[in-house]
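Chains as they are written, first to last, in this note's numbering: chain E, -3 to 476; chain D, -3 to 476.
Source of the hints: derived by calculation from the structure; they are not laboratory data. Worth double-checking, as some hints may not be accurate.
Note that the list lumps identical chains together, so a pair holds whenever it fits in one copy or between two copies.
[What the hints assert, rightly or not] Listed next, the in silico DSS-like pairs over lysine-lysine satisfying Cα-Cα at most 30 Å (straight line): (1) Lys170 to Lys192; (2) Lys170 to Lys350; (3) Lys351 to Lys31; (4) Lys27 to Lys350; (5) Lys350 to Lys335; (6) Lys234 to Lys170; (7) Lys351 to Lys27; (8) Lys338 to Lys19; (9) Lys31 to Lys16; (10) Lys26 to Lys338.
There are 2 protein chains.
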Amino acid sequence: MSRASSKWSSSLNTTRQLPKLSKGFLSSLKKVAGKGGLLTDPGDCWPYGYDNSRRQALPQAVVFASREEQVGGLVRLCTDAGVPLTARGLGTGTTGATVPDRGGIVLSFERMDRILRIAPEDRLAVVQPGVINASLQRAAESVGFFWPPDPTSAATCTIGGNLAYNSAGPRAVKYGTPRDNTLGLRAVSGAGDILKTGVQTTKGVVGYDLTRLIIGSEGTLALITEATLKLTPLPEAKRTLRATYADIHAAAQAVSAIMAQPVTPCALEFMDSSAIDMVSSYAGLDLPEGAGALLMIEVDGPAACIDEAQAAVGEAARGPGLLELRLAQSAQEVAALWKTRKALSPALRHIAPKKINEDVVVPVSRMGEFIDALERLSRETGIRIVNFGHAGNGNIHVNLLINPDDAEEVARAAECLDAVFSLVLRLDGSLSGEHGVGLEKRDFVHRELDPVALRLMHEIRSRFDPKGILSPGKSLPAPD
Amino acid sequence: MSRASSKWSSSLNTTRQLPKLSKGFLSSLKKVAGKGGLLTDPGDCWPYGYDNSRRQALPQAVVFASREEQVGGLVRLCTDAGVPLTARGLGTGTTGATVPDRGGIVLSFERMDRILRIAPEDRLAVVQPGVINASLQRAAESVGFFWPPDPTSAATCTIGGNLAYNSAGPRAVKYGTPRDNTLGLRAVSGAGDILKTGVQTTKGVVGYDLTRLIIGSEGTLALITEATLKLTPLPEAKRTLRATYADIHAAAQAVSAIMAQPVTPCALEFMDSSAIDMVSSYAGLDLPEGAGALLMIEVDGPAACIDEAQAAVGEAARGPGLLELRLAQSAQEVAALWKTRKALSPALRHIAPKKINEDVVVPVSRMGEFIDALERLSRETGIRIVNFGHAGNGNIHVNLLINPDDAEEVARAAECLDAVFSLVLRLDGSLSGEHGVGLEKRDFVHRELDPVALRLMHEIRSRFDPKGILSPGKSLPAPD
C-alpha cells in the first residue's frame, strides 16, 4: 500500500529538504482552498507549525477551510497524492499532535468558527470545530446552560481540539469529559468521505459508537467538521473553598474523603508545596504558616442547598493536617483563587522552559502512595518535581523541572520520567488524562495499551485512513 | 474468506436441518466447556434459544463459561471451525440479538456472575458479565452507591446484557447510559484474543475508545468478560410526583418545560391514555376525571434541597391541561406508582401477544409533533397505538397492538411501523434508544445510519471478528 509514510517517512526538522509538492498538486490545492485560503510561503506557513509542546516543524502549505466540502476535497487530494495532512485548531495542545513533523499540509479550522444552533429545549448545541471554547460558553450561558469541558486554555482553544484530545479540565470530576458531553459528529475520514455519527438525542444505540471512537483520536481517524454537543443547565449557586494542609499526604487523604461522600464537587484541584512556592510570587496567597499543600474545592447546585453542599465537602476536607479551611467571600476572591491555579502552568513554563509536563492519572485512592513515590524519586534523581492538577479525577500534572543546558540532568530526567510512568501503571493508572499522546507520549503508551487492543486500533485506523495521511506516525505507537 | 455465514447462511427455524457439528468439534467443545459446562441435547438446548422478542431458534450446543480463558478457547474453536457463536445473558433482550437464528453455539454467561470488587473510594465496581443488575445495585447500595443503568428488567437482566445493548432505563435522563457509566472492559474478540480496554480512572485518553465501541455492539465485536463500572453516590432523598393531564400534548409541553429548567429529574416517564387504560385494571390509579396522559416525575438529591427541587419541577409541570399534580406521600405510594409503570410492558404483552414494541427516540422538543403524527397514523391505519416511555430522553416506547391471526391487520401494521420510522428520522430521532437492533430492526437501521459510517462499522466488525462468527448477520444491515 502506498502510504504517506513511505515518502514523508521520518520526523523532519526545518533544515532538511522536504519532498516537493508537485505543480499539479499545488494547483489543485489552490482550487480547493479558494481565494485567500492558502499559504505556501515558508515565512507565512511557519506560525502554523507549532503547538504548546514547543515543538515546531514547517508545513509545506497551510489551508484554511470554511466549508465541510473543502475539507473533503482537501483530504481526497492528499490521499491521492499521499501527502501528510495535519489538522489544527489554535495550537494549544501540548503533545505535538498538530505539529507537521513530516511536512505536508496543515489544515487550519480557525475559519470554521460558527455556532450553528443552540437549542435549550433539547439541551444541545451544534458547532463548527473552530469555535473557541469560551465563545460557546458565553453563548450557552445566555440561555442558562454550559458545556462542561473547560480546559485551562478555554479562552483560546477550540471545540475541535477539545474533541480531538478529549480535553476536560477541572469540571470533569462532576460533569465528565467531551466523550460524556457529545451526542454526534460530522467528520471527513482519511479517505475523504464525509460521514455522520451519533444522534441528536441523549439516548441512541443504532450501530457502533463511532462518535466516541473519533473523540480522542487526535485527528488520526477523521477530521471533525461539526459537533452536536450536550449542554448542561447552569447551576444556580457555587461556592469556592481553599483548604491548606501541612503536607501533600494530608491533602491526598482529604481528596479520598471528599470523593467517598455523596456531594461531588464541581472542581477539586490541588497544588503541592513546590507549586505553592511557584505561584506565591504571582499573588498574595496569604497562606498559614507551614502550608505544604493546597486544595481548591468548588461545589455547585441549587441555591437552596449550597450551604449544605459546602458543609458536606468542608466536613470531608477536615482531617489530620488541615491548617486552614477558608471560604472565598466574594467574586473577587474566587477569581483570585482561580487565577492562581490557572497561572501555574505558564509560571512553570517561565521558570523552567524545558519542564516536562505530564498529565498522568491514578485512582483517587492511590494518590497518597503515588505522591510518596514521586517524592522518593525526586530525592533519588535530584530532579525537582512540581505537582498540581485535578485531584478529584486522580489526574495529576507532574512537572519535572530541568535545565536544558545540563545534558546530564536531561538524561536523569528521562530516567525519572520513565520511572514515573512505570509507577503510574503499577498503580492502575493511565499515562494521559486529558492532554493526549501526539508525539510526546507515542513511544511510551505501548506500556499501557493492551497489545491486542493496540493492534485493533491500528486496524481501525487503516480502515478510516487507508493511505495513512492523517497525522502519520502520531498518537499510536508502532504495533508490537 | 471462509465466513461463518457461508455454511450457516440464513435464518433457520427449528425444523430445518442445521449443518452438523463434527465429532472433532464436539469433542473439543467438551474439553473447553469442562464438566457440567455443555448441553447438546436439543431438549436441553431449546430454552437457551429465545429472548424477549419471542423469537426462538435451536442452538446446537450450549456452553456455560466460568472463566475468561474458556471464553477465549470457545471463540477460537468456533472461529477455526466457522461455527456461529451467540453470547447470552439471561435472555431479557427484546430484539432477538441472542437468538441463534443460524444455529451454532450459544454461550451463556450466567455462571460468570461474580462481583469482583467494589471500591467506594474510587467510585467503581469490577464485575463479571453474568452479574444481575439488581445484585450489583444491592452490593453498591450497601456502601452508599449505585450504578445508574436500570432497565425495567433490572431484577433479571445481566450487566453483560446491559452493556451489549447500552440499555439505560428511566434514570438515564439524569445519570446517562452504560456508555457514560463504564470505565473499562476485558473482552474476547471474534478472533479469540483476550483484550483489555479503557482505564480504572474517570479520565484517560491513551489510544482509541474501544470501551464504548464494544458497548452497544450486541456481542458482534467482542464478548465482554469483565467490566469496570463507574459508581455514583446514592442521593440522600427522592420525591416522586404524578402529574395528570387532559391530553398527551399538554404532557409533552410539560416535559419540554421540565427539561428546559435547571433541576434535571432522575426519572421523567410518561403514559398516554391507552397506556393508562391498560394498567388501570392492575392498580387503583385513582386518577382525576378526563385523564388523557400521565407523567411520573422523580427528583433526587441532598435532603436539604429536595423541597426546592420538587417545587422547581412541579412549577415546570404546571401548564395548560394539567388536571392534578400529586406528590407520593409514602414509600408505599411510590412503590405503587412504579409498579404501575413497570407493569405496562408485561400488561401489553398479555393483551397483545404480537404487539410491536418500538423504542424510538426523538428530540424532546419534537415529542408533541411526534405524538400528533402517531395519532394521525393510528386513525389512518386503524392500528391501535399505545405510547409510554422515558420522556426526559424523548425515548418513546411505541406499541402497535395487532391481532396476529388477522393477516390484513398484520400487513397494515407493517406499513404503519414503516411510517413511524420515517417520521422519527424526519424529526432527527433514532430508531432505537436502548433496546438495540438485533434481528428486529436490522432491516430498518440503514435508513438512519450514514452509508459511510455503516461501511466503516462493517470494516471494524471484520477486524474484530474476521471469520464473522459472532452473531453473524445481526445488528448491522448489509452494507449499501
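To see whether the hints hold, each was checked on the structure:
no. : hint             : result
1   : Lys170 to Lys192 : both (29 Å within a copy, 26 Å between copies)
2   : Lys170 to Lys350 : neither (33 Å within a copy, 44 Å between copies)
3   : Lys351 to Lys31  : neither (41 Å within a copy, 59 Å between copies)
4   : Lys27 to Lys350  : neither (41 Å within a copy, 58 Å between copies)
5   : Lys350 to Lys335 : within (23 Å within a copy, 63 Å between copies)
6   : Lys234 to Lys170 : both (13 Å within a copy, 20 Å between copies)
7   : Lys351 to Lys27  : neither (43 Å within a copy, 57 Å between copies)
8   : Lys338 to Lys19  : neither (47 Å within a copy, 68 Å between copies)
9   : Lys31 to Lys16   : within (23 Å within a copy, 67 Å between copies)
10  : Lys26 to Lys338  : neither (41 Å within a copy, 62 Å between copies)
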